[in-house]
Amino acid sequence: DAGITQSPRHKVTETGTPVTLRCHQTENHRYMYWYRQDPGHGLRLIHYSYGVKDTDKGEVSDGYSVSRSKTEDFLLTLESATSSQTSVYFCASSPNSGSGNTIYFGEGSWLTVV
Amino acid sequence: AQSVTQLGSHVSVSEGALVLLRCNYSSSVPPYLFWYVQYPNQGLQLLLKYTTGATLVKGINGFEAEFKKSETSFHLTKPSAHMSDAAEYFCAVSDGQGAQKLVFGQGTRLTINP
Numbered sequence: 013d014a015g016i017t018q019s020p021r022h023k024v025t026e027t028g029t030p031v032t033l034r035c036h037q038t039e040n041h042r043y044m045y046w047y048r049q050d051p052g053h054g055l056r057l058i059h060y061s062y063g064v065k066d067t068d069k070g071e072v073s074d075g076y077s078v079s080r081s082k083t084e085d086f087l088l089t090l091e092s093a094t095s096s097q098t099s100v101y102f103c104a105s106s107p108n109s110g111s112g113n114t115i116y117f118g119e120g121s122w123l124t125v126v
Numbered sequence: 002a003q004s005v006t007q008l009g010s011h012v013s014v015s016e017g018a019l020v021l022l023r024c025n026y027s028s029s030v031p032p033y034l035f036w037y038v039q040y041p042n043q044g045l046q047l048l049l050k051y052t053t054g055a056t057l058v059k060g061i062n063g064f065e066a067e068f069k070k071s072e073t074s075f076h077l078t079k080p081s082a083h084m085s086d087a088a089e090y091f092c093a094v095s096d097g098q099g100a101q102k103l104v105f106g107q108g109t110r111l112t113i114n115p
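As they're listed, the protein sequences go chains Z and E. 13 is the number of the first residue of the first sequence in my numbering; add one for each residue after it. 2 is the number of the first residue of the second sequence in my numbering; add one for each residue after it.
Pulled out of the complex, with its shape left as it was, chain E reads as follows (with noise of 0.2 Å):
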């Protein structure tokens, strides 16, 4: 079975400074990592995805994230914050296999101090 897990459900940070959000995956398979956005009542928008290749994956708004096999951890980062970062972040695995089966950590609340 997969599992994730975000370590520290709410970060906060100030507006220009390094955005570090933690997601480590436990997986039997190759795992194929996703990063999602969720702003106040909306839905849930992709920042970015591992499947395989470049270990390190620049996504939208900035944000990448690193695949590292060996920690077992696929963690978010931005250089400086914009205060439009205020939002939900989930970190997800999947097998890649059959239908997209996600299963998702739960949620990192991120705030961006003035």
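One chain only, chain Z, in its complex shape (with noise of 0.2 Å):
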């Protein structure tokens, strides 16, 4: 497995707060990935980023910002955190394009919007 780590694992924040997930990768791979994982919904795409300091959007960007100023590291920024947002986060990662490379996923991160 590749060496994922997100902090915070579990975060509680009021409506309106900034929070900011972090996730490390120790395999150097190229692409990383945050999803969110809601009932229902399966897993769905926030953004993601093909090298250091470049990033899209994902299917549900709205509301999130994301950086990478390093390979290993990927920080997702809710701007102003609202109850929808409440959710596990999982970052994920990937060494190259194309061809069903195997994305490998971290623990998650649980976050509650009061």
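Simulated from the structure, these hints should not be mistaken for lab results. Careful: at least some of the hints might be erroneous.
As the list claims (entries may be wrong) - Calculated Cβ distances over 12 Å to all of chain Z for the following chain E residues:
1) 14
2) 16
3) 17
4) 57
5) 62
6) 63
7) 67
8) 69
9) 70
10) 73
11) 74
12) 78
13) 81
14) 84
15) 114
16) 115
Unchecked claim - Coverage of chain Z stretches by chain E, computed from C-beta distances (three or more under 8 Å per stretch; other residues unrestricted):
17) 49 to 57
18) 113 to 119
As the list claims (entries may be wrong) - Taking lysine-lysine and the DSS-like style, the derived pairs with C-alpha atoms no more than 25 Å apart in a straight line are:
19) Z:69 to Z:82
20) Z:65 to E:102
21) Z:82 to E:102
22) E:69 to E:59
23) E:69 to E:50
24) E:102 to Z:69
25) E:59 to E:70
26) E:70 to E:102
27) E:69 to E:102
No residue lacks a Cβ here, since even glycine has one placed at the ideal position from N, Cα and C.
Each chain sits in its own coordinate frame; assemble them with the hints.
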């Protein structure tokens, strides 16, 4: 398994506050991703990165921003948290593009917005 | 756009019985197909994947899946269920181009009865 660590693993925050989730990978993977998991929806892509400082939007990007200043780190920021952003967030990475390369997932970050 | 439909949000089988989890996909390009398993409070682990070539794919833990283009299906099977197979299973599709932006089904929770 790829060495992907997420922090914090659990967080409770108040509506309107900014929140940053961190993802760190030790495999020198080029691509990194943030997904959210909600009952009945499976996992949905929020943002992804195809290199340092290179990011793009996914399916559910509204209210989220990302940054990647180093190959190994990918940050997800909720600019002003809302209750609808209560979810489990998964970071993932993959070594290169195309050809069905495996995407490896972290353990998840449980976020509750009250 | 690509999409995945998993038939049955919950499946229950007896220990030793056949496991069949259904997945149908929609894709305008040749699909790359994946099955992931998620144990409680953990991240996703790849079970198997189809990229090109042999349509019957064998994965870990005795699971296999068959890609049927004519039926746009990628059903997951295991001949004999074990208690340790209890988990949530996700089918996913990508176009294999650029970053691997997986589109997931909503998931199927598998329960094993003793």
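- request: Quick one: which hint numbers does this structure break? Sort them smallest to largest.
  value: When the structure is compared with the hints, none of them turns out to be violated.
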